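Chains as they are written, first to last, in my numbering: chain A, 1 to 168; chain B, 1 to 104.
FYI, nobody ran anything at the bench for these hints, they're computed from the structure.
Note that the coordinates shown come from a computational prediction; the quantities given were computed from them, not determined experimentally.
Each residue gets a CB set at the ideal place from its N, CA and C atoms; glycine is no exception.
Be a bit skeptical, because a hint or two may be false.
Claimed, not checked - Examples of chain B residues lying across from chain A (beta carbon under 7 Å, computed):
1) 9
2) 35
3) 39
4) 42
5) 43
6) 69
7) 74
8) 78
9) 90
10) 100
11) 101
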Amino acid sequence: MEQFFFWSLAAGLLLAATAAVTLRNPVSNAVALVAALVFQAALFVTLEATFLAAVQVIVYAGAVMVLFLFVIMLLDVKAEARRPIPWSKVLAVLAGGTAVVVGVPRLVAAFPAAREPLHWSAKAAPFGARELGTLLFSSYAPLFLTTGVLLLVATIGVVVLCRRDPES
Amino acid sequence: MMGAEITLGHYLALSGLLFLVGLAGVLLRRSLLIVMMSLELLLNAANLALVAAARFQGIPDPQVAVFFVITVAAAEVAVGLAILVAIFRLKKTTSAEDFATLKF
């Protein structure tokens, strides 16, 4: 069961991510990216992080991607012109891919604790909104408040950046 | 039923591959919109690694980190897209090749 969900979701995630990077029409890229984000939320569920899966769908697939789509509509960007494929960079990416697929599992397997397989509801201790909320408002409270300031600054910055110059 | 059991290594390898796909987008694409979408993929790869670590180590702290990453990513997208809109008004293009004013 765990294997089936992991492999199918992993394949879907990588396929959608590749489409999000390679497609030519920006709207298709955005839709593929939404698919990738939903696949990732499903992977969060297989890792028993249900609260983060919900946040992922609401914030990323909901808010952030709508922002992207709005800007695409606003800018009226045309499909990118084709240009010669930079094979050296493509080769570098492919080499990196093989290195990751071969290297990472071996590296991780060197640590005995990491050989423990994934079993749902085996030893449990999944963290819900309650545990995360308690942590956010106790040990991570300073960071949490700083995030609020960050969002405020970002909001003001966006308004300033997008304001038309009154003189011109 | 389908080969070996799923371990932390599987999730980390998937996270690494997702990071590479996003990195390829950042390096190979010229449209700034697509580059920003690829940046989202990079952040998501890190999030996947963090959530996997939280599950296999049995600690909630990495999930709190993911929470912050998502917040910062949302702020980053908002500011980035605002800059993109401002640049588009100035130059009528979103291709990275046309923004070389600061190059030596």
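- Looking back at the numbered hints, which does the structure fail to meet, lowest number first? 2, 3, 4, 5, 6, 9, 10, 11
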